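Undergrad: Since chain V is already given, all that's left is putting chain R with the ligands on it; use the hints.
Quick mapping for you: the protein sequence lines, in order, are chains V and R.
With the working numbering, the residue at position 59 of the first sequence is 59, and numbering never jumps.
With the working numbering, the residue at position 49 of the second sequence is 329, and numbering never jumps.
It should be emphasised that the hints constitute simulated quantities derived from the structure, not laboratory data.
As the structure is a computational prediction, the values presented were derived from the model and not from experiment.
No residue lacks a Cβ here, since even glycine has one placed at the ideal position from N, Cα and C.
Among the hints, a few may not be true.
As the list claims (entries may be wrong) - Take a look, some chain V residues computed to stay more than 10 Å from chain R by CB distance:
(1) Ala24
(2) Ala44
(3) Phe77
(4) Ala252
(5) Ala256
As the list claims (entries may be wrong) - EDC-like mimics (lysine to aspartate or glutamate), calculated; alpha carbons at most 16 Å apart, straight line:
(6) R:Lys328 to R:Glu303
(7) V:Lys277 to R:Asp299
(8) R:Lys424 to V:Glu276
(9) R:Lys363 to R:Asp299
(10) V:Lys277 to R:Glu428
(11) R:Lys328 to R:Glu476
(12) V:Lys277 to V:Asp179
(13) V:Lys168 to V:Asp114
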Amino acid sequence: MHMAATPQKVGATGGATDGSSTLADMIADFATRRKSLWVLVSLATLFTAWEIAGRVPISFAFPTFLETVSALLEMAFDGTLLPAYAITFQPLVIGVAVSAVLGIGLGIVMGLSDKAEWLLAPVFIVLQAAPMAALVPLVTFIYGIGLVAKTLAVIMLALPVIVLNSYKAVRHVNPSLVDMCRSFQGSRLQQIFKIIIPDATPVLFAGLRLGIAAGFIGVMLAELLITPTGIGDLITYHRSIANYAHMYAAVASIIAVSTLTLAGLQYVEVRFLRPEKRRK
Amino acid sequence: MATSISARVANPAATTTSDAIVEVRDIGKRYGDIEALRGINLEFERGKLTTLLGPSGCGKTTLLKIIAGLVPATSGDIRVNGKVVTGPGPERAFVFQDFALMPWATVLRNVAFGLELKGIGLAERNRTARHYIAEVGLSGFEEKYPHELSGGMRQRVGIARAFAVNADVLLLDEPFSAVDEQNRRKFQEDLLMLVEKERKTFLFVTHSIEEAVYVSDRIVLLSPRPGRVSQIIEPSIDRSAAPDVIRRDKGYLDVVEEIWQGLRQYAE
Ligand SMILES: Nc1ncnc2c1ncn2[C@@H]1O[C@H](COP(=O)(O)OP(=O)(O)OP(=O)(O)O)[C@@H](O)[C@H]1O
Ligand SMILES: [Mg+2]
Chain V
1 MHMAATPQKV
11 GATGGATDGS
21 STLADMIADF
31 ATRRKSLWVL
41 VSLATLFTAW
51 EIAGRVPISF
61 AFPTFLETVS
71 ALLEMAFDGT
81 LLPAYAITFQ
91 PLVIGVAVSA
101 VLGIGLGIVM
111 GLSDKAEWLL
121 APVFIVLQAA
131 PMAALVPLVT
141 FIYGIGLVAK
151 TLAVIMLALP
161 VIVLNSYKAV
171 RHVNPSLVDM
181 CRSFQGSRLQ
191 QIFKIIIPDA
201 TPVLFAGLRL
211 GIAAGFIGVM
221 LAELLITPTG
231 IGDLITYHRS
241 IANYAHMYAA
251 VASIIAVSTL
261 TLAGLQYVEV
271 RFLRPEKRRK
Chain R
281 MATSISARVA
291 NPAATTTSDA
301 IVEVRDIGKR
311 YGDIEALRGI
321 NLEFERGKLT
331 TLLGPSGCGK
341 TTLLKIIAGL
351 VPATSGDIRV
361 NGKVVTGPGP
371 ERAFVFQDFA
381 LMPWATVLRN
391 VAFGLELKGI
401 GLAERNRTAR
411 HYIAEVGLSG
421 FEEKYPHELS
431 GGMRQRVGIA
441 RAFAVNADVL
451 LLDEPFSAVD
461 EQNRRKFQED
471 LLMLVEKERK
481 TFLFVTHSIE
491 EAVYVSDRIV
501 LLSPRPGRVS
511 QIIEPSIDRS
521 AAPDVIRRDK
531 GYLDVVEEIW
541 QGLRQYAE
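Just chain V, same shape as in the assembly:
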């Protein structure tokens, strides 16, 4: 099966498998085992394309990849990047935490009770369909331009998607597992905590990931539409002085942080909550 290039094999086939194909085999073998290699290849392709596009250049306002990286390093060391993140993270973390707790709680209640569903589902379906970006400025009329308004913007984007996914997760629990729990005289609480929530976990987490992604959108909208602060301020400021490499560095960094957060969440889920997924 494996083209394991052992010395005997090479000899037997008269050196048909030379050094380069052995290397190719090794890389192929490594690639199937290590998913991370594909991630690296994918990123390298993206960054190369970016570098080329920047050098052509497709627009005078579009920096190359390397310029952006050096701008990012510069901001990281001149002490502008970290304080900006500290500001951006406040409404983000509070908003996402509130949305996660409230959203999963409400979603589970809606999944378990028809009355709660009739009462709440229409509200969240409308909220999810509404173009939230248009509503963010409205928040400032009521809550001003402070932390509360920005946190609300995060919640407005993150909450509906978390609620609706949690609700769907509970509704799609395997009915046969619930019957099984009933047949062994499990109480309603045992049914909820030992069957429904564990079985719903993958979809709950999918909702949480979508909610966090939406939360990042929310905080950026808030910082660009309400008042420029944090990363939003870095972006606005560098654009205003035509410092495009720095502006792109700020944008790229927030994308990277968002991606890493989601990957981290997935890791936590697989590592601690779905033991059967750890063994392939």
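TA: Here is chain R with the ligands on its own, set in the frame of chain V:
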């Protein structure tokens, strides 16, 4: 040949037995406009294996779930040990057609789950679970997850879980449907051994006539929708004979043929 196989065809109305553990009284079931079951009267004797056999959609699963207390009947009642039951109880355990194993739990935890729900301590319930895992031939798989097992092995986990709660009545819904023919025969023999060893009452749903005749003390034939009891057959098989001898016995084959003739009218 020492095997003596004869079939006694009992009159459905005259099935009063002395020691009935489960009594089904005038059970009817409607799902909206669909009448699934009508006027079912049955008694299941303690320590016997009874099979429910009938065309697809005739209400076998429904009847089994009504007896389990998982589905409410529209009319009639179920008595277990003489008492009317309205929901699941500790004297009955169900083996699900689709296994109903928790994918996030190991074989050990799945088998011990009925005991976990009853609040029995970890050490004790694991000890019981290990015993029944060995009984169904899955020793060494305690720490595996369901997706690492074959269909037949998963079904055994479901059977071990039902045994572990030490119920008097085991309700099995097509337990061997996920198993290929060779393994199916082996499972049937294993099941007979367990019946012998555990001395429990079994209610068993199957699609296979041969399987029904081979494993049952009593076979209940149901008619198509609405399901009614159309015939009760008691294949008195001498189980001391070797499996291969039984399967080639003329009496055994005659019972199979008789049931086939009974079901055939519905197949057309
Ligand atoms: N939850 C339900 N809602 C509506 N109709 C149902 C429901 N469950 C079963 N039925 C109907 O009741 C009838 C009996 O179903 P049941 O599953 O008991 O049949 P079965 O004999 O077990 O069939 P099979 O051999 O295919 O497993 C079928 O016609 C089915 O369509
Ligand atoms: Mg069925």
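Undergrad: Look at each hint and say if it fits the structure.
TA: Right, here's what the structure says about each hint:
1. Consistency note on V:Ala24: stated as away from chain R, and its beta-carbon is indeed over 10 Å from all of that chain's, at 33 Å minimum.
2. The beta carbon of V:Ala44 sits about 34 Å from the closest Cβ of chain R, which is more than 10 Å, so the claim that it is off the interface holds.
3. Separation of V:Phe77 from chain R is adequate, the least Cβ-Cβ distance of about 46 Å exceeding the 10 Å criterion.
4. Look at V:Ala252: its CB is around 37 Å from the nearest CB on chain R, clear of 10 Å, so calling it non-interface holds up.
5. No beta-carbon of chain R comes within 10 Å of the beta-carbon of V:Ala256; the shortest separation is about 32 Å.
6. Using a Cα cut-off of 16 Å, the hinted pair R:Lys328 and R:Glu303 holds, with the two alpha carbons roughly 14 Å apart.
7. Distance hint between V:Lys277 and R:Asp299 is unfulfilled; the C-alpha atoms sit about 49 Å from each other, more than 16 Å.
8. Restraint check: the Cα-Cα separation between R:Lys424 and V:Glu276 comes to about 9 Å, which is no more than 16 Å; the hinted pair holds.
9. The suggested pairing of R:Lys363 with R:Asp299 holds, with an alpha-carbon distance near 14 Å, which does not exceed 16 Å.
10. Proximity of V:Lys277 to R:Glu428 is assessed by CA-CA distance (about 11 Å); at most 16 Å being required, the pair is judged to hold.
11. Only pairs whose Cα atoms come within 16 Å are accepted, and R:Lys328 paired with R:Glu476 is accepted, the gap being roughly 10 Å.
12. A threshold of 16 Å between alpha carbons decides the hint, and for V:Lys277 with V:Asp179 the separation of about 24 Å lies outside it, so the pair is violated.
13. For the hint linking V:Lys168 to V:Asp114, the alpha-carbon distance of about 13 Å falls within 16 Å, and the restraint holds.
Hints 7, 12 from the earlier list are contradicted by this structure; the remaining hints agree with it.
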